[in-house]
Amino acid sequence: MKSGSRLAQRLIQLGVLLVILGAWYWGTLPGRINPLLLPPPAPVFRNFWVLLTTSSIWPDLFVTVREWVTAFLIAAVSGCSLGYIISRSGYAVKVFDPLLAGLYSIPAILLFPLYLLFFGLGPGSKIAIGTTIAFFPIVLNTIAGLAYVDKAYITAAKSMGANNLQMFWSVMMPAAFPIVLTGLRLGCIIAFLAILGGETISSLAGLGHRIVSLAENMESAQMFGNILFAIAMAFIINGVVSFVEARGKRGMQ
Amino acid sequence: MTDRKGPIMSPGIARLLAIIALLVLWEVMARLYADPLFLCPPSQAIAALPHIFSDPKIVNAIRVTIYEVITAFIISVAVGMTIGLAVGLQGFTKQAILPVILLLYATPQATILPLFVLSFGIGPAAKIAFGVSHGIFPVIVTTVAGVQNLRAPLLTAARSMGASKIQVFTSIVFPHMIPSFFTGMRLGMTAVLLGVLLAELYVSTAGIGFYTRLFAESFSPPDLFALIAVLATIAVTLNELCRTAERRFSRWHAS
Chain A
4 MKSGSRLAQR
14 LIQLGVLLVI
24 LGAWYWGTLP
34 GRINPLLLPP
44 PAPVFRNFWV
54 LLTTSSIWPD
64 LFVTVREWVT
74 AFLIAAVSGC
84 SLGYIISRSG
94 YAVKVFDPLL
104 AGLYSIPAIL
114 LFPLYLLFFG
124 LGPGSKIAIG
134 TTIAFFPIVL
144 NTIAGLAYVD
154 KAYITAAKSM
164 GANNLQMFWS
174 VMMPAAFPIV
184 LTGLRLGCII
194 AFLAILGGET
204 ISSLAGLGHR
214 IVSLAENMES
224 AQMFGNILFA
234 IAMAFIINGV
244 VSFVEARGKR
254 GMQ
Chain B
76 MTDRKGPIMS
86 PGIARLLAII
96 ALLVLWEVMA
106 RLYADPLFLC
116 PPSQAIAALP
126 HIFSDPKIVN
136 AIRVTIYEVI
146 TAFIISVAVG
156 MTIGLAVGLQ
166 GFTKQAILPV
176 ILLLYATPQA
186 TILPLFVLSF
196 GIGPAAKIAF
206 GVSHGIFPVI
216 VTTVAGVQNL
226 RAPLLTAARS
236 MGASKIQVFT
246 SIVFPHMIPS
256 FFTGMRLGMT
266 AVLLGVLLAE
276 LYVSTAGIGF
286 YTRLFAESFS
296 PPDLFALIAV
306 LATIAVTLNE
316 LCRTAERRFS
326 RWHAS
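Going down the list, the protein sequences come from chains A and B. With positions in the first sequence counted from 1, the corresponding number in the working numbering is that position plus 3. With positions in the second sequence counted from 1, the corresponding number in the working numbering is that position plus 75.
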C-alpha cells in the first residue's frame, strides 16, 4: 500500500476543505441556492468573528456551560459510586451489568418530553437529559474497570497482606483508572451534545435556543455564525477532554 | 471481595426481581405522593396502551416513525458503505479524506437540525435526512476500520496466485469486512434512532413528536408513558435485531 508523505496528506486535507469552501461560495452566488437556506461564506464568518470578539453570546454560553457542568458532575459522582458499589461483588455485577447495558440501548432522548413535564422549560430539563445520557457510559465503564481487574494482582496483594484501603488505592484504582477515564470522557462529550439537542427541542436560553430562534427569524447568516461557534466549542471540548484522558492514563503508569 | 459459593438464585432471576421491585416501588410512590398531572403509576400507563393502539392517528404516527427510521437506516448503510470502501481501500485517500470525515462526525449535529427543517420541510423527509446525517458516519468509520485490518500477507498471496481485482474483493476483502460491517450497522441503527427521534421531537405535525408534546401539554402522563414505552420497545427491538445479526455473522471469525 502506498502512502504519501505527511506534507502531501496535509495538502490534500487542506485541498478538500478548500473545495468544500469553494463549492459553498459558488453555490451561494446570486441566483443559485436560496440565501435563506445557505448564506454565502463571507457574512457567516463575519458573524462568527463578531461572536468571538463581543460579549453578545456570553449569557447563552453561560447557561449552556452551567447545564453541562452540572449534568456531568451529577452523572460522574452517581455513575462512579454506583459502579463502585456494584463492582464490589461479582454476583451484583452479573445481575446489574446486563440490566444497565440494556437500559443504555434505549434512546434516552425519548425521556425528554417527560423531563420537560417534570422540570419545565428551563435548565432543569436539560440537566436531567444530560445526566441521563452521561450516566450510562460512566457507570458501565466503572464496572468494567473495577470488576475485571486481573485476579493475579488481587491475589498477590492479598498474599502480601494488603488491607482494604491499600487494595483500593494501590491495586484497584491504577488498574481500573484508564477504563473509568474513558467512560468519563464519553459521558462529558455526549452530555454536551445531549444538552445542545435538548435546547434545540425546547428551551428558554442557551446556545441551542439561540440557533433555533435565529432559524425561526430567518437570520441565516447569524444562525450559521452561531452554528460555527457551537462546532468550534465541541471541537475544543473534544480536544481538551481527550488530552486530559491521555495525560491521566500516562500519569498512572 | 468475598467469593460466596453458590449464590441464592441465578443472576437472571435476581435481575427480574430487581426490575419488579423497582416497578412496585414506583407504583407505591406514585400512588402515595405523586401529583397525577405529572407522574402516573406504571399500572395506569399499561392501562393506557389500548387507548394508544385504538387511535388510528397515533398508530399511523408510530408507523411513520418506523418508516423514517428504516429508510434512514438503509440509506445510511448503502451510502456509508460505498463511501467507506472508496475511502478505505486506497491508502492515500484514507489518510487524506478520513480526517475530514472524522471532523464532520465530531460536529454537534443537533445545532444544524433547524437547517434540515428549513431545507426539507416539516414532513418525514427532514427526519430521514437528519437520521442519515447521524447514521452514516459510524458506518463509514467501521467500514474503513474493517478494510484496514485486512492482513497484507493474504492480499500478497492472492495476487501472487494471479487473482483478479474482483476475485480479491469477493474472496478476501468482502468476507473480512463482514464482522465490522455488522458492527457498523448496529452503531448506525443506534445513531439513526437518535437522529430521527430528535428531529421528531423538534418539530412534527402528525408524527410521534406531535403526540408526545400533546400528551405532555395536556397533562396526561398515562398516555405519555405508554407512548414512550411503545417507542422504547421499538428501539430496543431494532437494536437487538442488529446485535443478533452481528453475533450471527461474526461467529466464523474467531479472532
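Derived by calculation from the structure, the hints in this document are not laboratory data. Do not rely on the hints blindly, as some may be mistaken.
What the hints assert, rightly or not - These stretches of chain A come out as covered by chain B in the derived footprint (C-beta under 8 angstroms, 3 or more residues):
1) 12-21
2) 42-51
3) 59-65
4) 122-136
5) 187-201
6) 204-213
7) 230-239
As the list claims (entries may be wrong) - Chain A is faced by these chain B residues, among others (derived, beta-carbon under 10 angstroms):
8) A93
9) I95
10) V99
11) E102
12) F128
13) I172
14) L178
15) T186
16) S194
17) G198
18) I241
19) T265
20) R288
21) F290
22) N314
Said to hold, decoys possible - Here are the in silico distance ranges between beta carbons for each label pair:
23) A232/B to L10/A: 51 to 59 angstroms
24) L97/B to G251/A: 31 to 39 angstroms
25) T157/B to G18/A: 18 to 26 angstroms
26) G164/A to M84/B: 28 to 36 angstroms
27) G254/A to L97/B: 34 to 42 angstroms
These numbers come from a predicted model, not from an experiment. Ideal placement from N, C-alpha and C gives every residue a C-beta, glycine not left out.
*asked:* Under 8 angstroms between beta-carbons, do enough residues of the stretch 187-201 of chain A, three at least, approach chain B for the coverage claim to hold?
replied: holds (count 4)
*So the hint says 34 to 42 angstroms: do the beta-carbon atoms of G254/A and L97/B match that?*
holds (39 angstroms)
*Status of the G198/B interface restraint (C-beta, 10 angstroms, chain A)*: Violated, because the Cβ-Cβ distance from G198/B to chain A comes to roughly 16 angstroms (cut-off 10 angstroms).
*asked:* Quick check on L178/B please, does its C-beta sit within 10 angstroms of some C-beta on chain A?
replied: holds (8 angstroms)
*Between the stretch 204-213 of chain A and chain B, see if three or more residues pass the 8 angstroms beta-carbon test, and mark the coverage as holds or violated.*
Contact hint for the stretch 204-213 of chain A vs chain B: holds, 3 residues under 8 angstroms.
*Test coverage of the stretch 42-51 of chain A by chain B using CB-CB distances below 8 angstroms; three residues minimum.*
violated (count 0)
_Range first: 18 to 26 angstroms. Now tell me if the beta carbons of T157/B and G18/A are that far apart._
holds (22 angstroms)
*Can you let me know if the beta-carbon spacing of L97/B and G251/A is within 31 to 39 angstroms?*
Given about 34 angstroms between the Cβ atoms, the range holds.
*Can the hint on N314/B be confirmed by a CB-to-CB distance to chain A that is less than 10 angstroms?*
Check passed: Cβ of N314/B comes within 5 angstroms of chain A, closer than 10 angstroms.
*asked:* Tell me if the interface restraint on I95/B is satisfied: Cβ within less than 10 angstroms of some Cβ in chain A.
replied: violated (12 angstroms)
*Evaluation of the interface hint that places T265/B against chain A, nearest CB under 10 angstroms*: holds (7 angstroms)
*asked:* Just to be careful: measuring from the Cβ of R288/B to every Cβ in chain A, is the smallest value less than 10 angstroms?
replied: Holds: closest Cβ of chain A sits about 7 angstroms from R288/B, inside 10 angstroms.
Violated hints for the displayed structure, listed by number in ascending order: 2, 3, 4, 9, 10, 11, 12, 17, 18 and 23.
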